[in-house]
Amino acid sequence: MPGRVRSDPLKNPERPYLAIGLEGSANKFGAGVIKHFVDGTTAVLSNIRHTYITPPGEGFQPRHTALHHREWALQIIQECLVKAGVSMHDLDCICYTKGPGMGAPLQSVALVARTLSLLYNKPLVGVNHCVGHIEMGREVTGAQNPVVLYVSGGNTQVIAYSRQCYRIFGEALDIAVGNCLDRFARVINLSNDPAPGYNIEQEAKKGKRLLPIPYVTKGMDVSFSGILTAVEALTTDKRFRPDGQPKNANDEDIITPADLCFSLQETVFAMLVEITERAMAHIGSKEVLIVGGVGANERLQEMMGVMAEERGGKVFAMDERFCIDNGIMIAQAGLLSFRMGFETPISKSTCTQRFRTDQVHVSWRA
Amino acid sequence: MASPSLALISASTLISQGAEAHRFRKGYRHPTLDASLTRSRVAGEARALLRCLRSGVNVPGVRMVDASEGILGIEQVESDALEEYEIPVDVLMQLIGQEIAKMHLADVIHGDLTTSNMMLRHPSSFKSHHPTLRTELVLIDFGLSFYSSLIEDKAVDLYVLERAFSSTHPDSEPLFASILKAYGQGMGKDWAAIERRLDDVRLRGRKRSMVG
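Chains as they are written, first to last, in the UniProt record's numbering: chain A, 1 to 366; chain B, 1 to 212.
You can take every hint at face value.
Straight-line Cα separation of at most 27 Å, DSS-like style, residue types lysine-lysine; simulated pairs:
#, chain 1, residue 1, chain 2, residue 2
1, B, Lys189, A, Lys218
2, A, Lys122, A, Lys83
3, A, Lys348, A, Lys35
4, B, Lys181, A, Lys218
Rather than coming from a laboratory, the hints here were simulated on the basis of the structure.
Everything numeric in this text was worked out from a predicted model, so none of it was measured.
Use the sequences and the hints to build the structure in full.
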């Protein structure tokens, strides 16, 4: 509400706090240690991640991903503690991703968190993955009350904060934007290393031709599944050259994989920027924060920057360390709620595939 | 040489910038994509405004259209801060519901219904025919509007407003309920089907709880 300023319910801590965050809702296992100081500042002591990479043309299956997390969890946590220079005994709480995400990987990580909690007698804090992204974004960029565009392989949401809740303004009605990009990368056999979205971005830089692809906004929401079908269909077009090379000197009217990546990016990002702009106009906010794996895409950041500039505003974006799923964001959001007195008892330390951003009570903000 | 419409725009002063300001060009979009979206949206907005005007929905009058340049000239609606009007909240909600119903009866879907896209006309700028009410509610910004008689589209239109309400207005539920009441009265026999569909639309979106 304009004209009314409420004080932050979160006071500076009376002593420094330390928390470890464990994340594994998709194909990355991450661990990170965060420290909150008495003056209200925050330090990232360590932030380590290992990604499960599948061969080109294949996605990650829940079972294999869970296996990956189980194989790497202890080693990553160990490295993360050594790098931070702390021991498990120094921690105030253990934060883990409660959801949303893939079931089996979430369960593996929750099990690790539960075991550590019992071994070292530390309280557990279950964290909403999306809120983790938002809180880390606010912390890293210093954005105060931005409109948040959260774009990743599993989520696409435009979020605005209001009265202790991150409210979803617009979202994907079917598949997430990252899923659309990743799946298209598989169709044209791009590598999954370091990430399919990253390789689409590099490929798109070589694209020249904008092909007509559906532009699907519905109300405040967007839809990507039809776009994926449309761009997949273009790979069976007789002008399509999988190697990107013309057959002969007269072969001019061709479609290359780079053109398709370019067209796909331009279209879906324009849709995302458009719904973000509408949320900003409605709320009267001049700040926009991009979080989530797709947020590491520089073309999306650039387009958002142009839009923000046209409105006299500012875009806050991050690099892959904090954009792509990581442990430190879970530690940050978890520690904020822990300092407000929130704990997850062992008997309730479950995880869930469905856990909406707007279901979380954001007790630490005014 | 710049077109006459562009020259007119560059000689004017900016009043305020909405998400769909009346220069539709967006620098972030690829020029080809932008040109096709701009053309269709300017034409669409002009068409929707005219259709609304013919059906007696309160919207700004159209003054000029230049779709290829992406420029739409419309009447400036004189208005003031909400407090100046001394309208009770329930009357205001009723006005909103009535106006949306009129628009939907004309089969115009707004596409971006938010409270930012509504204005109250200033009493000094026109003559009210209403015995007690000195103002009228004007719907603006039809840049994302389209023509449809489907209950699906009308329900989604209402849903957009509901979400915009809940994200910016505290304790929005009773307010939105009174909008729907007035809307329902305005829509008459069509309302029952739209109400049912609105319930369905509310359940969409990813990761909704599957319980209940």
